[in-house]
Amino acid sequence: MIEPMAWCILAPFIGASLAFLLPGRVWRRPIAIGAIGATLASVWMLTSQVWNSGAQRMDLSGWPAPLGIGLAADGFSVFMIVMTGVVGSLIGAYALWHYSDLSDATEPAERRLFWPLWLILWGSLNAIYLSSDIFNIYVALEVITLAAVALITLSGKAEALVAAMRYLLAAFLGSLSYLMGVALLYATHGALDLVIIADQERAGLPEVGAFALMATGLALKTALFPMHFWLPPAHSKAAAPVSAILSALVVKASFYVLLRLWFGVFDGPAMYAVGILLGTLGSAAIIWGAFQALRQMSLKLLIAHSTVAQIGYLFLIFPLTARRPSGELAAAGWITEACTGVSYHALSHALAKAAMFLGAGVVLHVYGSDLLTNMRGMSRRLPITTFALAIAGVSLMGLPPSGGFAAKWLIVTAALGAGQWWWVLVILIGGLLTAGYIFLMLRWAFISEDAPIQLRPANMPIQLAALALALLSVLVGFRLEEPFQLLVIGDPFPIFDLP
Amino acid sequence: MNHLLTLAILLPAIGSLAVFSRFIGARASGVVCAVAAAPALLLGLFASTMEHDVAWMLLGATFGVDPVSRIFLIFTGALWMACGLYSASTMRSDPRRSAYFFFFLLSMTGNFGLLLARDVGAFYCFFALMTFAAYGLVVHERGAGPRRAGRVYIVMSILGELLLLAGLIFAVAAGAGIDMADFASGVAAAPNQELITALLFFGLGVKAGAIPVHVWLPLAHPVAPTPASAVLSGAMIKAGLFGWIVMLPLGWSPAPAIAPLVVTLGLLGAFGAAIYGALQRDPKTILAYSSVSQMSVMVVAIGAGLMAPDRWPLILGALAIYACSHGFAKGALFLGVAVAKQAAGRDMLRRMTMMGLALAALTIAGAPPLGGAIAKKSLKAAAAGPESPSGDALALLIPLTAIMTTVVLGKFILVMAGAMRTNEGKSAVRLSPWMAAPWLTLTLGAAAAAWLIAPPTEPMTDAPQPTIPSLSAGDALAALWPIALGVLVLAITMRLARSLPKAPAAPAGDLLSLYTLASRATVAAGRRTRLPGPARWKLDFVPLVLDSIEQSRRGETLTNIERAMKTWPVAGAVFVMIVITLAAMIIL
Amino acid sequence: MTLLSCGYMSVCFGVASAAGAATPETPVLTSHLVYMLTACLLFCIGLFGLITRGHLMRNVMSLNVMGGGVFLFLVAVARRDAGESGPDPVPHAMTLTGIVVALAASAFALALARRIHSITGEMRLEPGDDNS
Amino acid sequence: MPAIDYTFWILPAILATSFITGVATFFLKETHANLRAWMNMLAAAVKVALVVAVMEGFFSGESFEMRFSIALGFDFLLRIDALSLLLTALSTALWFLTTLYAVGYMKGSENLNRFFGFFSLCVTASVGVAIAGNLITFFIFYEFLTLATYPLVVHKGTERAVAAGRTYIWYTLTGGSVLFIGIVWLYVLTGPVDFTPGGVVAGLVDDHPIELIAIFAIMMLGLGVKASLVPLHGWLPVAMIAPAPVSALLHAVAVVKAGAFGIVRVIYDVYGIAFSATLGVLTPLAVVAAITIIYGSLRALGQDELKKRLAYSTVSQLSYITLGATIPGLMSTTGSLVHLIHQGVMKITLFFCAGAIQITMGMTRVSEMSGLARRMPVTCACFTIGAFGMIGAPPTAGFISKWHIGVGSAQAGQEWVILVLLISSALNAAYFLPIVRSMWFGEERRFALEASTGAGRREAHESLLVPMIVTALCSILFGLLASWSLSPLNMARIIAETLYITE
Amino acid sequence: MTRHDATLRRRRRRALLRVRIVVAGAGALALALLLVAAVLELPEGPLGLAEEAAAQLAHTGVDHAVTAVLLNYRSYDTWLEVGVLLLAVMAIFALRGGAHLENVRPAPRRDPLLTWLTRLLIPMLTLTAGYLLWLGKFAPGGAFQAGVVLGAAGAMLRLSGTPSLDRIGDVAIRILLAVGFLAFLVAAVATRLAGLDMLELPPGRAGDIILMVETLATISIATTCAVLVMAMPGAESPPAIAAKDVRKEART
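Chains as they are written, first to last, in numbering that gives the first Met the number 0: chain P, 0 to 498; chain V, 0 to 587; chain F, 0 to 131; chain A, 0 to 502; chain Y, 0 to 251.
Hints in this document: simulated from the structure, not taken from any laboratory. Idealized CB from N, CA, C, for every residue including glycine. Do not rely on the hints blindly, as some may be mistaken.
To be verified - Computed beta-carbon distance windows for the label pairs: (1) P:PRO460 with A:HIS31: 24 to 30 Å; (2) A:THR30 with V:ARG91: 41 to 47 Å; (3) V:ILE560 with Y:ARG9: 52 to 58 Å; (4) V:SER512 with A:ILE493: 52 to 58 Å; (5) V:VAL488 with A:ILE422: 54 to 60 Å; (6) F:THR29 with P:ALA272: 55 to 61 Å; (7) P:GLN484 with Y:PRO42: 37 to 43 Å; (8) A:THR30 with P:PRO460: 33 to 39 Å; (9) A:ILE493 with P:GLN484: 40 to 46 Å.
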């Protein structure tokens, strides 16, 4: 029978190679739509398979774990794959127009290379979420980095190249330190498979070294606060669909790997102090990112800085699931809330951020520049885009009825349950500052324009793509029952059963 | 009979709405004014005690008539009818007559409503309606005087209403029932009876013109058009009295401690107002002060009733009669002033009006053959009876008030005579029979009232019941000497006044100057002390916070740090630092 | 460079002697230990080179030095776990893959650096970085 | 059983009517003025019909509930109980009137689609607030209300409007997030909490009262912003920059009511009046409410702008509800609940008049309004009725609620409340009567807008007049016919009884 | 900006630089110490997968363990690795704005020594590449080594100016580049459709499949290396030069 796990990786790769081999204009649309369709189908098959028969595992090239590479799909990884699939396909729909011939925003070269790069990126994202081999994760991370940097350079502008270079160097540094960690782990455990390493008892200093290197490398690739320097220019200078892909999806991949290592390999919850450090860095990110976003004058930079802020929320999972030095879990009864809250935040942030970047793309296309001041009276000229930006803003702010609200609700419940009330303060201040810069943006949209300037027409499909994403980020907040059950299949966060 | 009851209230109400919506012309509204009072008068004359429950209205309203309110209905109805008739004719030339008729009818609704109301809610509702509508009458003639009078009137009456509301709230909270029947007993039984009685007394006192809170009366009555001031002085003041009778715990065992205070206030008012009235020059102000003094006499009666609960039915009967006769007389006098103005030209008419005025004045003063004497006698007998606590003191003081009344009214007659002779206030409108008739009826009514109307008897209580009025020779004599003495005193003072240099005219509202000074001082003090905290502090601190964030936008510190972090060496160093700290955290 | 190499030699011997002199069960200076230590030092020297200067070419080269360090470490591990059929093939495969990946990344980095140089005329990212 | 379980679907249907119309209006063309007007009117009528159906269903003993579980911890619950019926009826009826008013008022101004769209969304939110069955659903609609009102506040699009919008957003969002923390903390402490008359917290947890007091304080802070308690009221006068129908329905009725309604819900249905009394949290709240009443009236004295004066009077009037709610006793609770309705009706009349005067005469300042009655007698009459209602003169509805709060507080032995009521009535008179006096008795001045036309009557457009007259009549009839079986007072009494029976 | 400020700024910058070097040095040193300590604590003795790899070697159809690991046990890694190479080329195309190599700089004037040397070396290089490819089965060698050697040949052709890849047109270049990645892709899809685990080579014909895949990989690696050298931006693309002059006077 068709093994959906494999096809989740194969479908995008097939699409990529076809797109690379047949760069002609006539072929581009069918290949793109075909690839997106196939990938979505395989993602759907994988989800139903995992939903019905629990976590899956497949040994590649026939060899069992220690020698061969295993693909494992449990609730959390399927959740991330579904997120990537949904957001990716909608960004793809936007890109279909953005990189098509009717838009004059892109040259022919860009249009030819976008699809191969994006589909390989998509395939390797799925590969990361499925792989349970730390070296394989390294290679997949490298593929993602190169594809992402190549996508940034597509737009060809000078500052995009500089941003891409900075991102490449940072990511290269991160990968190398991750590889050093892998080497150390292999040296201590003699195996590369997550499950095998997890079963072996924890070694001493080498494991510490490995953890320090791998965690910092991945945090650098996830742009945690002090190491976020590369994200704002990279995400704001790239083209709209590319920055949406980067902010919504690529950043989450390295966070996913960090989570896998934290719970699986390094028994993270035992390291209470490290958990608190990561949580503090996350809170600093929330406040710093929001403050920076408040001070930006251009829309895409504002949204990029908001990404830096929102990533801070993700890192709150570490202190919440940590075990106090006295051994018992900090948030004894609330672990499910903490984990599901953070993963839900990842999902709703992906949807909302993608919607905002696509909206910013429409604004850039219609107004010619994304300076906030010349977005005057946008609510009259581009009602749907303003609506999409507003709803996405609502989800980012965590106001009901949105996905962001559900995530914020869960994280705050866990924080209060764990007695670590200071995270609640941070979330409160963060939420308000987010509201600050969202309404800073909306403020200009509502001011009636003084001189009616002549604008390029904005055709409907791209606005609808942004709107669809924004609506999804709100609708996701209405029904959490099923996603919760999906998330806990295969016990991805193995701290539940601990005493 | 029920329809008459509803008609008594609804007719004036619908009339006022019709006038407001210009549904009927000016002439028709005049007729409506005259007719509107009829049902109430008929009710007064013929209705027997009855009760009509209107459950859905306000707090569960009930309307009805009982012996006391019958008497009030009679003279109030008569007064409203007369004044309505009178104003229908005189007001025809007035440019803003529809406004006048509107407020006239609205006040009439209020007045009849509160007389017929048998529950506290309805009473208070119509009381407020009458108060606010009367404002329209007071300020009818535009100009500085009426504006000031209006402002004082509205401020005082609002304070009065608030005190009344507080009293009612405390009473109902303390268990007194909504409807009148068991309201007074509830108040009597209430623990904070003192507070409630005081609140009710002063709340209604504002309307009734009791001493400390009467200052609006001498200001408002003169400036209002004459028929309006006639009604104001005759009927509306009595509403306050009616309120007292119905609400205060009169006739219930524990006598409230403030009873002596009420009596002293009454006496003070009776003498003070009379003296102050004598010093005035404007006839209507003099009449206003005479009303204040007469009302103070009634306050004395109320005080006595509070002090001697068991004698209350006796006092009640006398009080009703006294109020009735005073109502008629005061209405007649006020109309008389206007009639005198109109009749200034022809001496035959002049003589007739002077005669009428004298007759009305004598009724109030209590001259023997007229109704006033009976009223005064019964009042003296009831209030100052042998076994009442301060009976003997009262026995002496009440005749004294009679003297003072004669002095004031004498001064009024003299001033009117003077005015008639010099005919300086001659009004353009010719005296038509339509104007003279109401005045005449009122004067006769004043004289005959005491005789005709049987005092209300309390069927239930076994306390001594008021007897049918009879005037023996001894009584007549007892009534005459105070009048004589009063005339003597007046003559002496007039001669003295001619020799002394012109005494400066005492300002109309005597205590008012005190109050305005006090209020202005508090407001100034309030402003000077710069009300601490919220009032001064604009309290919208949020925009300040916002602006500070806004300014920080221009502040360079944040952007410098961000740019510094972007440089490669710093970023690299940060990376290494974090690796080291993570490792150190685990090892240590 | 000479200063660097003799400094390095002294460090090796210091460590070896420390290892030797230390408590008996610490590993005696076997050959693969030397390579591992060198690999670690290489890694740190590359890191040091990377984070002190902002010149793009210098950064790419330091990254390759770091990469070299890691690959040396892997080969040393393979050496340590060598069975009778020769060294452990998995680290070797990992090294090979790592080298190819490093090649691709460096090629792209160099192309990007040249493009930036051709556009901006400088070989650095931020005016703030000194590109000595 | 009918095919669809109508008790389940009627509540979302009520929400849906205005929600769908709102969204549909967005997609209309700007020029379809009458289509848009008719659509909104129709939706309002349908909603009124549905509410009436629910009302008579409720009185005949049916229970309406729609439960939909969002996540393991909390579910989205719409439920009709007596208390929610009160506010739903108010919001729906007043929306119907205000839509009619808005159609007349906004004729000719631009981007009306956006205006009417968000207008219906706001009503959805305010009805949602009313029929929310538990704290979380209440919070969802509470925040949705903030978002839906922002575009209306900044509707004019001028710099000042947007600045006002910013202040409005900062106040309400801060309040919202503080309330959020309170709700979550309560959820962590007591598990999912539904509104049950007589309060649910008492039974669940009695070992850490300090936390419960802290939660109560936080919630009051959050709700206080919308209920404009003193330090948090700054946004209300600022939001007066919005067009008149907005300030009428929203800032006088829907938004502020959400805050007051929230406070009533928390006190009665979450904590329970008895438990809160034992916790001792009620008196400080009562003191704050009293200070707001006095402070609001004091500030209103100094305002020359009519709408600002009305705004400050809303600030003070609203705290009657809070004051009444904090006093344990059947009468005071009835008073506070019935004031919820009365204040809404009276205040909306005043705002309608203010809007009509602004549109017809171009006058916004009180000093300009002398002698207005001759030109706009009907508007001035309605304004006078409203003003007397505010003062609490008897025939109007204001008197009834003041009476009940007064008697209730006297029964509960808190005499100082009556003093506060009196002072505030005096202050109300001090800032309303001069306006009424200058309208009716002031001498006529040349009017700004209509320089040309002569002295004749120049009444506002009838679509402005009809709603104004209806609400003015209501504010009188609610007072006059207070003891009638279907009057709001009676409904409030029934609710109060349910709240006290379970104690 | 007066000279004084300039010198001041330069002195300050040098001071800042010195601080940074010290900090970086300390950080790197600490990391070194950490790593050294970690290495010293590494467990001793054979730990890895040497034995299992050797034991299963028979089934992989290849004799040399490393090639077995690379192309059988962990062929998925190698596939992604070839994908990385393909990505690098795509990135370069993205940088140059298009895959066509036509506007590569025209061949320099013919240099007799160079032409002679190329004529001699090219055949030898291809021969060694072939040998290395075949050697992979028994000894260290295989696709990557062969590919690089062949790539060097391509580079040499490029440097010596003799036309090579830039003549064969865009589509051909794309196919040559992608053939390695496609090989693995086809293998994966085939094994999937055949019901085996992805990339599971049937023991019987594993050897030939590996050889075939290796040859295709070599071709694509060689082309990638050659194209990387040829298509390096900045070498020729005229628009870039114009931008540089603009930059120059902006700076002076």
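Which hints from the list above does the structure break, by number from lowest to highest?
2, 3, 5, 6 and 8
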